[in-house]
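Here the protein sequences line up with chains A and B, keeping their order. Take 1 as the starting number for the first sequence in the numbering used here and just add one per residue. Take 1 as the starting number for the second sequence in the numbering used here and just add one per residue.
Please keep in mind that the hints were generated in silico from the structure rather than gathered at the bench. All values derive from a computational prediction rather than experimental measurement. For each residue, glycine too, the CB sits at the ideal point set by N, CA and C. Mixed in with the good hints, there may be bad ones.
Over 10 angstroms on every C-beta distance to chain A, these chain B residues come out as not near it, computed from the model [stated by the list, open to error]:
#, residue
1, Val6
2, Ile46
3, Leu62
4, Leu121
5, Ile146
6, Ala152
7, Gly163
8, Ala164
9, Tyr175
10, Gly188
11, Val209
12, Arg289
13, Ile291
14, Gly293
15, Pro314
16, Val327
Pairwise CB distance ranges, derived in the manner of DEER restraints [said to hold, decoys possible]:
#, chain 1, residue 1, chain 2, residue 2, range
17, B, Ala7, A, Leu39, 45 to 51 angstroms
18, A, Glu225, B, Asn77, 54 to 60 angstroms
19, B, Thr126, A, Ser51, 31 to 37 angstroms
20, B, Ala132, A, Arg204, 31 to 37 angstroms
21, B, Leu149, A, Thr25, 35 to 41 angstroms
22, B, Ala152, A, Asp205, 23 to 29 angstroms
23, B, Ala132, A, Arg209, 23 to 29 angstroms
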Amino acid sequence: MAESPKATSPLGRDEFYVGYLPVPTRLRRFLWRITPTLLVLLAGIAWILASAQRDPGAGIWNDAEAKTFVGVIDASPYPLIRVTDEAGEAVTYLLVEVGKFGGGQRAAPFAGKAVRLSGWVLERDGRRMIELEPGDTIHAAEDVRDAERFAPPRRETLGERTLRGEIVDSKCYLGAMKPGDGKTHKQCATLCIAGGIPPTFVTRDEAGRRAYYLMTNRDGGPFDERILPLVADQVEMRGSVERRGDLLIIRTDADTIRRY
Amino acid sequence: MSVGYVAVQWNRHKRVYDACVIGGILLYVGVFFSVGKALFAPPHAISDEILAIRALGTCAFLLLHVILCIGPLARLNRRFLPLLYNRRHLGVATFCVALAHAALIIGYYHGFGVVNPFVSLLTSNTNYSSLAAFPFELLGLIALAIMFLMAATSHDFWLKLFGAPAWKRLHMLVYVAYALLVAHVALGILQTQRAPWLAALVGAGVVVVASLHIAAGLRETRFDATASPLDGDDGDWVDVADVGELRENSGHVAVLGAGRRVALFRVNGRVYATTNTCAHQGGPLGEGRVIDGCVTCPWHGWQYRAHDGQSPPPFSEKIPTYRARIVGSRVQINAKALPPGTPVEPAVISEHADG
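Start from the sequences and build out the full structure, keeping to the hints where you can.
In structure tokens form, the structure reads like this:
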């Protein structure tokens, strides 16, 4: 007769565990040893997995303190404001609303006008954005006499290029969510771009340096929804690149974008 | 095993078990979150919500591995039976952790937008034809629904209502949930983190779970292959054991053939036979003991009287019994199971037979 398949155990022959009865002595000793060991193992795994996370980048979302800006709003292709920094250099801030919405609705009436507005700054790698403070926080700045210093910068065409990288929603990527890229962020990025957050194409060169291209349609207008299925994927696209002040813009068509 | 239903039949073991589970979950999430905060300081800080999402997600995935390993571990080494005893609470806790993970994701990634968060979850990514872009969230959502189904029906009320076989089949869906979650992880966070050793770690988890199941399964299969053929002259009687193999007040598992097993119990020089399958969750009664005159299941301690397969009053559970006889020093069992709860005369062990 074959041996019974009973589970092997160094427990005493007469020791038998029943949940509602006192735990047998040798088993209790085993449990006293194994339980702390398992808890330490659990903490160790948590430590390893937490430390294995990817650096989300140096994006900053200064949501503790709203700042006031004076500059000129441009509503095309996406709402933005041009201001001058402390050194007198022209600086561009994209404008978005709280949540996953672009800033177009509130910014449009002020297109081309000098305004004073307040909001919270997001910034990464020199790319900047303002999350507009809710309420009546954009006002015409009648006292700005030299608005021409905020005038749209000259367009510099850099030619047709084929680029590889990832389409991100600029708000999360600049610091609203960290990390704000990659597969796990795909649905959020899709929702953000659908809500009017400007799509940005982020590329990396061999040294790991990132370049940011604000994406527009071929006609220079806001990108249409055909982009959405390709958001957050590693894609290749071909388009016409131009520099507008401190912004790089790529004019392309969804038909030219493909995963690789 | 109860006369009426209560939410939880608490005892000291369950309290200690649950304290360890809750303490372990808090420890894991706390360490993950704290280490994440400490190692990724501003401006490279990971968002608190994402740290929490990852802590809860990895914790639930890890706990599911533990849950899946407990069964085969307890088959291979009975020292792990205390983990099996209250496994349902571990399952419910795992579901709660997974639910918190999902709730944070829906609120954080899908909230504050132009569409309802649940609509966004189901419609933001419809790249079903692309493996790289596949909406892995959907896999997690289906797995969560399965885990909910199991957690919601984990109480003995549902076990009784569905019957043990149907209830067990329902809860075997945990393997479907596990497969979905492995794919959820592989097509989700592993695509974001892109660290080969993390993929290897997930693979190692799958290998551990599969290996333990295969090892336990092989052990059972080999044992089932040892069935003794029916006596040609004696109808349904099967030679199953030597009297000397039976220990007083202890169970013994024997094979009747065709995958059927019988549990033998030696009590006061008499041999009783019942089905090896506990009416509760199918625990192996033959691996149990006789306590207070009752056959006691090693999984959850359900009890039956050896002579008629009935739970002692006021309980009402019943299991099939078998007729036993002793020929020489050999124990033989009539392979025709008697209806659950049928009283049966034991086989008396003579001094000669006992050797």
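Going down the list of hints, with the structure as the test:
With a minimum CB-CB distance of about 14 angstroms to chain A, Val6/B clears the 10 angstroms threshold, and the non-interface call stands. In this structure Ile46/B is not separated from chain A by more than 10 angstroms, as the shortest Cβ-Cβ distance comes to only about 5 angstroms. At roughly 6 angstroms, the least C-beta separation between Leu62/B and chain A is not larger than 10 angstroms, which violates its mark as non-interface. At the 10 angstroms boundary, the C-beta of Leu121/B falls inside the reach of chain A, the nearest C-beta of that chain being 7 angstroms off.
Residue-level check passed: Ile146/B sits 21 angstroms from the nearest beta carbon of chain A, beyond 10 angstroms. Once the 10 angstroms rule is applied to beta carbons, Ala152/B is consistent with being away from chain A; the minimum gap is 23 angstroms. No Cβ of chain A approaches the Cβ of Gly163/B within 10 angstroms, the least distance being about 23 angstroms, so the stated non-interface status holds. With a least CB separation of 18 angstroms from chain A, Ala164/B remains clear of the 10 angstroms interface cut-off, as annotated.
Every beta carbon of chain A lies more than 10 angstroms from that of Tyr175/B, the smallest distance being close to 21 angstroms; the non-interface claim holds. A cut-off of 10 angstroms between C-beta atoms contradicts the statement that Gly188/B is not in contact with chain A; the least separation is 6 angstroms. Every Cβ of chain A is farther than 10 angstroms from the Cβ of Val209/B; the closest lies at roughly 15 angstroms, confirming the non-interface assignment. A Cβ of chain A approaches the Cβ of Arg289/B within 10 angstroms, the least distance being about 5 angstroms, so the stated non-interface status is violated.
With a closest Cβ-Cβ approach of about 7 angstroms to chain A, Ile291/B is found to fall inside the 10 angstroms limit, against its non-interface label. The beta carbon of Gly293/B sits about 14 angstroms from the closest Cβ of chain A, which is more than 10 angstroms, so the claim that it is off the interface holds. Residue placement check: Pro314/B keeps its beta carbon more than 10 angstroms from all beta carbons of chain A (closest about 16 angstroms). Distance to chain A confirms Val327/B as a non-interface residue, since its nearest Cβ pair spans about 14 angstroms, more than 10 angstroms.
One distance hint, 45 to 51 angstroms for the beta-carbon pair Ala7/B and Leu39/A, is violated here, with the actual separation near 27 angstroms. Checked against the hint of 54 to 60 angstroms, the C-beta distance between Glu225/A and Asn77/B comes to roughly 58 angstroms, which is consistent with it. Under the hint 31 to 37 angstroms, the C-beta atoms of Thr126/B and Ser51/A, about 35 angstroms apart, fit the expected range. Between Ala132/B and Arg204/A, the C-beta spacing of about 18 angstroms breaks the proposed range 31 to 37 angstroms.
Between Leu149/B and Thr25/A the beta carbons are some 40 angstroms apart, a value that agrees with the proposed interval 35 to 41 angstroms. Between Ala152/B and Asp205/A, the C-beta spacing of about 53 angstroms breaks the proposed range 23 to 29 angstroms. A beta carbon spacing of about 25 angstroms between Ala132/B and Arg209/A agrees with the range 23 to 29 angstroms that was offered as a hint.
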